[in-house]
Structures are given as C-alpha cells and as structure tokens.
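Build the complex: two chains, separate frames, hints provided.
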Amino acid sequence: MKVAKDLVAASAVPMVLGILAEEASYGYAILKRINELSGGELDWTEGLLYPLLHRLERLGHVESSWQTVTGERRRKYYRITGTGLAELAEQRRQWDTVVDTLKGVWHGMGELGPLPGLTCEAGA
Amino acid sequence: MTAQHGQDELEAQFAQWRQYVERRRELQASDADELEDHLRGSVDALVAAGLSADEAFLVAVKRMGSLDELSREFAREHSERLWKQLVLTGADQDPAGGGSRRDLWALVACAAGAAVSVKLPALFGLDFDQDGSFYARNFSLFALTWLAGFLAWRRQAGRTMIAALAALFVLGAVAANVYPLGEESQSLVITSIHLPIALWLVVGLAYVSEEWRSSRRRMDFIRFTGEWFVYFVLIALGGGVLTAFTAGTFNAIGMDPEVFISQWLLPCGAVAAVVVAGWLVEAKQSVVENIAPVLTRLFTPLFTAVLLAFLAAVLVTSTGIDVEREALILFNLLLVVVLGLMLYTMSARDPLAPPGVFDRLQLALVASALAVDVLVLLEIIGRISEYGTTPNKTAALGENIILLVNLAGSAWLLLKLVRRRTPFEALERWQTGYLPVFAAWAWAVVLVFPPLFDYA
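So the protein sequences, as listed, match chains A and B. Under my numbering, think of the first position of the first sequence as 1, with each following residue one higher. Under my numbering, think of the first position of the second sequence as 1001, with each following residue one higher.
Hints listed in this document are in silico derivations from the structure and should not be mistaken for laboratory results. Even glycine gets a Cβ: it sits at the ideal position worked out from N, Cα and C. It is possible that part of the hints are untrue.
[Unchecked claim] Simulated crosslink set (DSSO-like; lysine-lysine; CA at most 27 angstroms straight-line):
(1) B/Lys1062 <-> A/Lys2
(2) A/Lys76 <-> B/Lys1119
(3) A/Lys5 <-> A/Lys32
(4) A/Lys5 <-> A/Lys103
(5) B/Lys1416 <-> A/Lys32
(6) A/Lys2 <-> A/Lys103
(7) A/Lys5 <-> B/Lys1062
(8) A/Lys2 <-> A/Lys32
(9) A/Lys103 <-> A/Lys76
(10) A/Lys76 <-> B/Lys1062
[Claimed, not checked] Covered by chain B, according to a simulated footprint, are these stretches of chain A (three or more residues, beta-carbon under 8 angstroms):
(11) 15 to 28
(12) 69 to 83
One chain only, chain B, in its complex shape (with noise of 0.2 angstroms):
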C-alpha cells in the first residue's frame, strides 16, 4: 500500500464521516468545517505519533464521541435551528417512539376537554346568544387552561409549577367573574382583551416550565406564539370552509344547521383549535419553520413603508393625532403588531449573524413605530387631560407606555447591533426579559382596574 493510496483512502473516509455529520440537522455546513477540521487535527497528531492513516482515523472519530452526543450539545446551544428539538422537550426518554402516539392521546383528550369546558355552562342555562358577556369574559379560560395543562404535561412539570399554573388560571377565572360588571361597561370589554394576554403568558409558562429562568427559552416561547398563530389562522380558514359547507348542504335537504353550528361548531371548533395549533407547533414545527422567516420578510419592509408614509403625512399636514377612540385602538393595534413582527423576526434570526440590511430596516421600522408611539401617547394625554380619566384611557396609556418602553431599548440596542457595538444577544435579552412586564401589565388591568374604576 502506497502513501498516496493510504492518503486516497483517507480522504474517502473523511468524505463519508462528513456525510454523515450533515445528515444532522443540529449541525450546519460551518460547524460540519469546524469539526472536520479537529478531527484532521487529531489523525495529524495520530500519525505523527506513529499510527498508520486509517488507525488514527479509527481512533480520532472515536475519541470525538458518538455523533448523536455531540449533536445533542450542539442543539442545546442552537436552538434557534431546531428549536422543535425534541431531545428538550423529554420525547427522547421514549426510544421505543411512542411519544408522538402517548402525544395524540393527550392532545385528543385535552381538545375534548376543552371543547367540554365551553359547553359546561350552557347546563346551567347560559347561552351564547343572550349570555355574550359571560363568554366573552371567560372564553379565553376555556381555551388556554387546556393548552397549559397539555404543555405542562409534556413538559413533565413539576408539582410546584403545577400549582403555580392553576393557582393563576384560578385567579384568572376569578377576577373574570367575580367583579360586578355591566353589559355595557368598558371595564368588560378591558377585562375580554387583556385576560387572554395574561393568560397567554401563563401558557407560555407552562411551555418553558422548569427552565422559565433561561432567555432561550423564553425566545423559543416566542417562536412558539408565532407559529402557533400561523397555525391558528390555517386552521380557523379550514373552519370556515367547513362551516360553510356544513350550512349550505344541510340547507340544500330542507334542514337549518344553523343552531348546530353556532351552539356547538363554532364555540367547540374554536377552542379546540386553541389546543391543537399547540400540538400542531409542538409536532410538526418542520413544516412552518421556513415560513416564519419568509412572512416577517416580506411584512417588515411593508409595514416600515406604511409607517414612514403615514409620518412624513403628519408633517406635512402638520397636525398631530386627533382622532376618533376607534382610530386610536387601531394605531394601538398597528404598534402590537409591530412589536409582534419584531419578536418574530427576532425570534427565527441566526443569533451568530452578522449585522445585515435587514436589521437596519428593523431598525427604521422600530424608529418609525416610535415616533408613531409617541404621537399617539400625546393624542391620549391630551385626551385625559381635557375629558378625564376612564378605564380605556388609562388602560391605552400604560400599554403605549410599556410599548415605548420596549420600542426604545430595542431601538438603542438595534442601533448598537447594526453599528457592531453589542451581539444580538443584548436584543433578545431585553425582550424576554420584557415578558414578565406584559404580564403584570395585563393582570394588573384584569385584577385592578375593575375596582380601581368603580366598576365603570
């Protein structure tokens, strides 16, 4: 054997060693370089020490460990690339692969659950059409109690983030019902728009669960609420062609589906969809992964377009913001939207890339999301001041105070990223360190403002 046929050899083994680094997905092309680049290292080393070519080879491969180790390491650090990791989420303690069958049964029982709970109350008389307010206030109970418990089951939770979890949804269900509240109160429409967000968050504490210290995991919460909502959204346009045809074909025979479908189809589907859109993020993330990336690309720079249109008109008509309540909650709106299509973005970045295009047009479009925040926040301070304080008012004001809050440490820190000054990681520090805020927030409107307002 020639020195040259053992270094053909050689190459050839390093080839196959290669293809199947890269048949791992925790592992990109750079760190398939990085490695083989130790691993030739070591067989240097090796034959230097006096093994023949294909001893050392033997040898280093060895000494580097099984692949699925150091594949493991490489996805505890990278989760952004796999963040469906299932090696995190416990599903490998099962070799025999009966996670996903153990998986469905759950998901199945707690979408039954859920499609149960929220016709509970209709037992004891309260109906969808004459008890609207009821529904609207508890809705959200329904629904993401049995998300959570689906979470935290998967999540092989412990007993006091167990208790944790129910000990809030119980507060929850509390301030939704115990509070006197009108029909037509604001304080009811404030309590069916930030009980949800409250509740949101506890879900979101059932999916980190043990590890809510840890910003990762805090982000792939964030990951998770956004392909969740993707999913969501698929599954409500499946819904509705369902429904439609559902009414039209029972129609057709003579027959009005139409209580079926507004007592049980509708009420049951929504919440159970709650449930299974988890599911569907938890099990098939795959699927929508490189989706994610593709929508806050191309909704980044129509939004950032929108919102420098929209403040070169101000400055140019030279009036600030006065308009109608309605118009207000939809520049609100447009700001949590904003705010949405940064995490996400955020939330599906490579945290080793470099500063690129686009983050300085995340840049312009936080800038432009700011100066709108501000403009808003002066419309709703000369509001309070010239009409008095009511819940809704106040309940906007703290929101755009939060979000200016967030707006501009993300601003400053986005500024320091592009310049090189400071790693994204800063960025995604402040925002999951941002979450519990949101969440005091909205419970402190869900638990105080009622009684704070008098009930108004």
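Isolated chain A, as found in the complex (with noise of 0.2 angstroms):
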C-alpha cells in the first residue's frame, strides 16, 4: 500500500511536531521513527522532511541548533518550541475531528454491508 501523496503532505507537520515534543531530535532519526511507527508504510523522502523542518523554523515552530553527542557526529537537532506545541496542539484538534467524523462514516457504512456490494449496486 502507498498512501497518497497529499494526504502525506497533510499529516506531515503534525508527525514531525509530535516526534519532537517527544524530544529533541535530528532529521534521520526522524524520518526512521516515522518509519517504525508507521510500520514502513510511511516512507518519506529528504526532499520532504528537510524543507519541512526549515518551513517548521521559519515560522518559529521548531528551533535548530548543531550539536555533537559524545561519540557521534555532529549533528543539527530540531526542538519544539512553545508555538510549535500550540500549533501541534491546535493541528491534533483538527485531526481527532476528521479521524472521529471518518470514523462515524466507515461505522454507518459497516451496517449498510460489506463495501463490495456498495460498488456492486453503484455500477448497477
């Protein structure tokens, strides 16, 4: 399964800003997280997440720094900022109320019948 671009694009701030509440972090731990969480049906490209987490600066969302953890290489690291948890806080509202309006829609249909026969009766 791929899952649409758009609705990629969509999802992708509010994923970065969660990741980074959790804590602070860098862009191929990232991109690997959203990947194990996703259970590799998420695959992003740099072309997306880099952009992204400058566009994510710029409006003062998240905060970068270069940094070098003992025994690794140096690194930039993103950190939320307070209007970036705003904004995630804000973005998560919007989500749970598409996910619970989707939610009602795919219930109401489970008792109209099994998907197939909808598509059976539409082409009739």
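And the structure:
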C-alpha cells in the first residue's frame, strides 16, 4: 500500500511536531521514527522532510542547533518551541475531528453491508 | 580489500557526492552538512544490515532520490535564496531551453506594444507638449499594462486572473479619463501620483498570479520591485547618455533632433524601459542579486543617522515641523523611502538567520521614522484644522496614517524579533499582508477623491 501524496503532505506537520514534542531529534532519526511507527508504510523522502523542517523553523515552531553528542557526528538537532507546541495542539484537535468523522462514516457503512456490495449496486 | 581501504573509498565517494550537492545553488553549505549526515546515517544502517560499504553508499544515494527533485523542494521552501527560481516560473517545463527565446520574443512584443501605445494618442491630435495633463494621468497605463501582460504571460495566468487584471486596468483608465479634472487641479496631481501606485500593485497581482494568497510570493514581488527599480535606473542612465549623444552628433551636422528626442525617443524609451527592466529582473536576477543587500546595508545606517539628527534638531530647537507644503511632501517622500528600504532589506534577509546587529539598526531606523511620522501627522492635522481640507492634505493625512500603522507594526515586530520572541516570518507576514492596504488606499484616492472634492 502506498499512502497518497496529499495525505502524506497534510499529515507531515503534526507527525514531525509530535515526534519533536517527545524529544529533540535530527533528520535521519525523525525519518527512521516515522518509518517505524507506520510499520514501514510511510516512506518519506529527504525532499519532503528537510524543507519541512526548515519551514517549521521559519515559522518559529521549531529551533535548530548543531550539536555533538559524545561518540557521534556533529548533527543538526531540532527542538520544538512554545508556538510549536501550540500548533501541535491545534493540529491535534483538527485531526481528531477528521479521524472521528471518518470513523463515524465508516461505522455507518459497516451497517449497510460490505464495501463490494456497494460498488455492485452503484455499478448496476 | 582491507577495511581501511574500503573506508577511504567510501570517504572519497562522500566527497564526490558533496561536490555535486554544493554545485546546486538551492542548497547551502549547512544544508549539505545536514544531508551528508543523513546519507552517512543511512549508509551506517545499511552496513550494519550486512551490505558492503560501496553497496551501502549506492543504495543510500539512490534512496535519497534525485538531486533535482531534492533541490526543487528546497527551492520551494527557500525562495529568498533563489527567488529567481526558474522552476517556479514555468520555464522548467521547456527542457529544450527554448524558454528564454520565447521570453525574448514576448518581451520584444510587449516593449514594442508599450512604445506604440504611448504614441497612439498622437494620432488623435494629443501632443506631448500641449496635452501634458493627459499624458501625466495616463503614462502608467501605457507602460504598466504591458508589463503586467508580460508577467501574466510568463506565469501562464488563468482566465479569471487575466480577466481580473484587465478589469483593473480598464478601471484605472476610466478613473484617469472620465473625471473632469482641470489642468491646474490638485486632483490631477494626486491621480497622477496614485494611479501608478495602484497599477503597480496590479502588476504585482500579475506577478504572483495564481499564488496571490502566498506570503512568500508576495515577498518575491517586493524583491522584484526593488530589483526592477535598480534596473530601471540603470537603463535610464544609459538612456540619458544615448540622448546626449543623439542631440550632440545631430546638432554637429546641422540637424535639430529635439522633436525626435522629445516626441519619440523619451516617451517610447521610457515605457519600453519599464517592460525591459521587468524582463531583466525575471531573466537575469542573479546579476543584481548581490547588490541589493549591499545597497540596503549601505543606506540603512545613513538614513537612520539623518533621521536621528533631524529628530535631535527638532528637540534642541523645540519647534514642531512648521513648514511649507513642498517640505511636507519631502517628509512624506522620506518616509516612503524608509519604508522601501525596510521592505527591500527584508526581502534580501535570510529568514532563518538569528536576529543580529543589523536588525537592531533597522529597529532604530523604523523607530525614528515613526517619530518623524508623528511630527508630520501633527503638522497636517494642524493645517487641516486651520485651513480646512483639500484633496492634497486629505491624501497626505491618509498616507501618513497608513504609514504610521505599518511602521508601528514593524517596530513592534522588530522589537520582538530582536528579543527573540518572534520569528522573522511574522514581520514578513505583516508586510506582505499590508500590500492590499496600500492598493486599497491608492485606488480609493484615484476613484473616490475627485468626485469627493468636487474635482478641485
């Protein structure tokens, strides 16, 4: 299964902010985390992640600094800011609404019968 | 092959990859560092999974996707680095490279169109010398319509957008010509000043085209405006030299080129230069690009010093601004220049850069401009209460209030920026969001003032 591009783009901001809300992190680790959390279904490109991180930084939602953790390379770490946390809360509210609505819609469809039946009727 | 040898080879591959990345103008050194770290992360993971070093490198590079795609995404986010981005103007859809040639033809057509249109009224007996007021009101229409047309063509603007642009230019033409304005009326002068501003913002609409909501694209237009001005001045200087030689050489052989110069060379050259300057900004951005930040860095401290000296003088002599009308206009112009300087500086600033000395300096500039604006406002209000309203004074009052709000907002956001309370983005948003206010005011002056003041 490949998640549609629009959907990936729309969900990218809350995902990145959510991951950074746990702890400060850097690009490669964020990408790996997304991959793990989605069970390998979400495979972001670098062309998506880094410009997004830079945009969030421009908007003041995250701040970055080059740091050297002992025994590792020098890395650009991103840390969520106060406005970033507020943005995350706002995005969460919006996503909750979307997810709840979808659940309701799909629950209703479940009572109508299995999906293939619907497509048959529509086709007839 | 020893492990050490493999490691050396891997480092060589990283170095080579790095060279490719650094050739991309969209990517800065810090981006290359960040991406290199990412690549090293993937290589390490793949090696840990059992691949050999060079296999891991190949797979990791492949996963990163093509550099073209990566650069395009970076360019979208960092339009200030590469606002000339051909990618964003549609030129990349023409892989054969015929884009610039078609551009050139469109430019020639638009510049020629402007030159022809400025001479058309002459067919109906309107003369530059005798009907100066007609040309004063309409000059911007002859030039800017074609510039907007060229930009809309380049952006491949949709039908709705083109209709909107056309409607606005028609509205401008109507406003400039249907009101019965006398040769000596103040309204004529005010229309001649405000119509170009209103139409310039219509050009801006053509520039941002379908992305008129985007704050970044509006910032690009501010950048465009500054660079266009630089190019236009350069062309005008060259034009002056050309004119001087034309006059001198023809006079030397006993012919008088004065009619040709004043009736043809100057008007046609001026309107064509408006279009050509716009094309130059679109086609040759990188040439002037590096001058813009230098110019602002040079003049921001100088203007700040002048404003502070002036304010100090006002304090010492303890007089307000009690001056003639001409001097009042001078102060207004000064404030507009300060605003232009501030906008241009912002458009050239790296939005991710931490607040620095220059931002403090700008805060000082804006704060002193704010003080001058208050003094000017007091003087205008004093004059209005003493002599009553005129179109001039009301226009000046409105402009100063609009500038006051803009400067106050900018000062507040700059203060917060310097104190690291808010990102630069907020300031950018404030300025780009303010553009419609300028547009609305300029249109209001052009459309509403003449009837409101009885065509005085």
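*asked:* Need the list of violated hint numbers for this structure, in ascending order.
replied: 2, 5 and 9
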